[in-house]
Amino acid sequence: MNNNLQSIIGNLEKGDKLELGNNEKFSNEILLNQSLQCSVLGGINFVNLTFKNIDFTGSFFSKTIFENCRFSNVIFRKSEFWSCTFLECQMTESNLTRAEFNSSTFKNCEFLNSNLRASNFMDFEFRETIFKNSNLDLILVEDVKVWKSKKWIEIKDFSNFEKLLIDNEL
Amino acid sequence: MAHERVISNHELNSLEDFNTSDRIIETETGTILALQQKNHDSSLNEILSNHNLWSNDTDEVTVVKYDKIFPGADGFPLNNNPRRRHQFGRPRMRGTGINADPLQNIQGLGNIPEGPKVRPFREVNTSRDARRGTQCPTPKFDMQKQHENFMQKISEKGYKLECSQERFNELSTNPQTDSLDEKSLIEAKGGLQGEAQGMYKNIRRPGNKAVDLDFEIDSSKGYTHVDYKTPVDFQDLADKKGIDVSNFPSLQTVAYNMGKKIPIQKEQFCGLTDGPKSPENVLHVVNLDLIRNSNQKQNMMDSVLKGAEDKGVDIAGIYFLNYL
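Top to bottom, those sequences are chains U and X. Numbering follows the numbering used here, with no gaps: position 96 of the first sequence is 96. Numbering follows the numbering used here, with no gaps: position 299 of the second sequence is 299.
Since the hints were derived computationally from the structure, they do not count as laboratory data. The beta carbon of each residue, even a glycine, is placed where N, CA and C say it ideally should be. Careful, some of the hints might be misleading.
What the hints assert, rightly or not - Below, computed lysine-lysine pairings styled on DSSO-like, alpha-carbon distance capped at 27 Å:
1) U:K151 with U:K107
2) U:K148 with U:K163
3) X:K153 with X:K209
4) X:K153 with U:K17
5) X:K145 with U:K14
6) U:K17 with X:K140
7) X:K140 with U:K156
8) U:K163 with U:K150
9) U:K25 with X:K240
10) U:K107 with U:K150
11) X:K311 with U:K156
12) U:K17 with X:K311
13) U:K17 with X:K240
14) X:K311 with U:K145
15) X:K145 with X:K277
16) X:K240 with U:K14
17) U:K145 with U:K132
18) X:K277 with U:K14
19) X:K201 with X:K160
20) X:K157 with U:K17
21) X:K306 with U:K145
22) U:K151 with U:K132
23) X:K241 with U:K17
24) U:K14 with X:K201
25) U:K156 with X:K306
26) X:K277 with X:K240
27) X:K241 with U:K25
28) X:K160 with U:K14
As the list claims (entries may be wrong) - Interface residues of chain U toward chain X, partial, derived using beta-carbon atoms under 10 Å:
29) N11
30) K14
31) G15
32) G21
33) N22
34) G42
35) K63
36) T64
37) S149
38) L164
39) L165
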């Protein structure tokens, strides 16, 4: 199935939440200026999407793949991610404060000027991912691994995380 | 839906047909200007088209003014140095303090059609925290109806609660953005029910934004802050919307992980100004209001507590709401 996400959102009635969970695939769209708080998405595949000025506060994402997506000023605050994959994504000026990531992966991703303060990463893998000029204060990590120099390195604490993933030299 | 482009000072000053909006665009120089155009002109369409920002179903265009170079609407250079803001003084607020007479028939020329209303440009805080999400649209709620429905529901549940519309609105306001939103509304409803049930008193949003817990409270049991968890019922979504529930984790798994994280989350904001002094001061409430099945509720409670116990901590600071 290949629908247009924009039209699905456009057809939501006032008070409706975005709730999708039937293995839909959305590709090559630009999504602008939407409040989609408390959305519930499962088994969705987003390919080549641009999200700009989108508010996903308090949303739940499960088995969702974001591939080659661009996020600009997107709010994932207090959102939960379960078994999700971010592949070759760029997140700029985005708010992920208190977001919770479970059993998920970032691969070839870049975070720029984004705020991840007090976010949680549990059973998580980072591959070729970098954080530039981003706020990672108070993040919680448990069972987190980073692929570095052709091997997995387990993250024990935040200082380890900082050393491996944060690029402060902008 | 609105689109953006960057314009020059000269172009901005010639824009008499634009009216300002609540929409705010920020730059690191501290100048925040946003305008909306009622009718498109062909040159604007062309520019938008060149930037892949044009679509036929668009009926509004947001125009951004930047007072330096024009690197592109989403490519403003970052500059966190406050001394570099307003280098030439604060931006002049066009339209402020101007009183215009109401439109009327002048010299027999007939009624003049109402022109676009111009409101002053606005400045906003461009600090790092304030930058997050200010351009995202704010959802609209009928808060009076929300308040009425909530108070009726609390009454039906047999609890007594005094909560004015004003307080309800305050609690439903996201302290990080100072605006009402869906998530904060859900938290407020749970928080007030907890107060009505006597879990604590005087629930309020934290005074210090850095303490990113849901609420401050007064409690005889030593709790100073409370954080709410409101899990979603995937089976309910499956039944109502035909969503494939196999794409979601089981509620037991969600609950178990929740329980596992709660102990470390209790420590997260300890020691900050106006924050909890110790993890024992942080109460976590799991609100099972959205879970339909009472057996499922019981299983989730067991799983939350199991997760916390497996972390080897005291589970005293975990309460449940709507668990029957």
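Which hints from the list above does the structure break, by number from lowest to highest?
Hints 3, 7, 12, 15, 18, 24, 26, 28, 29, 37, 38, 39 are the ones this structure does not satisfy, whereas the remaining hints hold.
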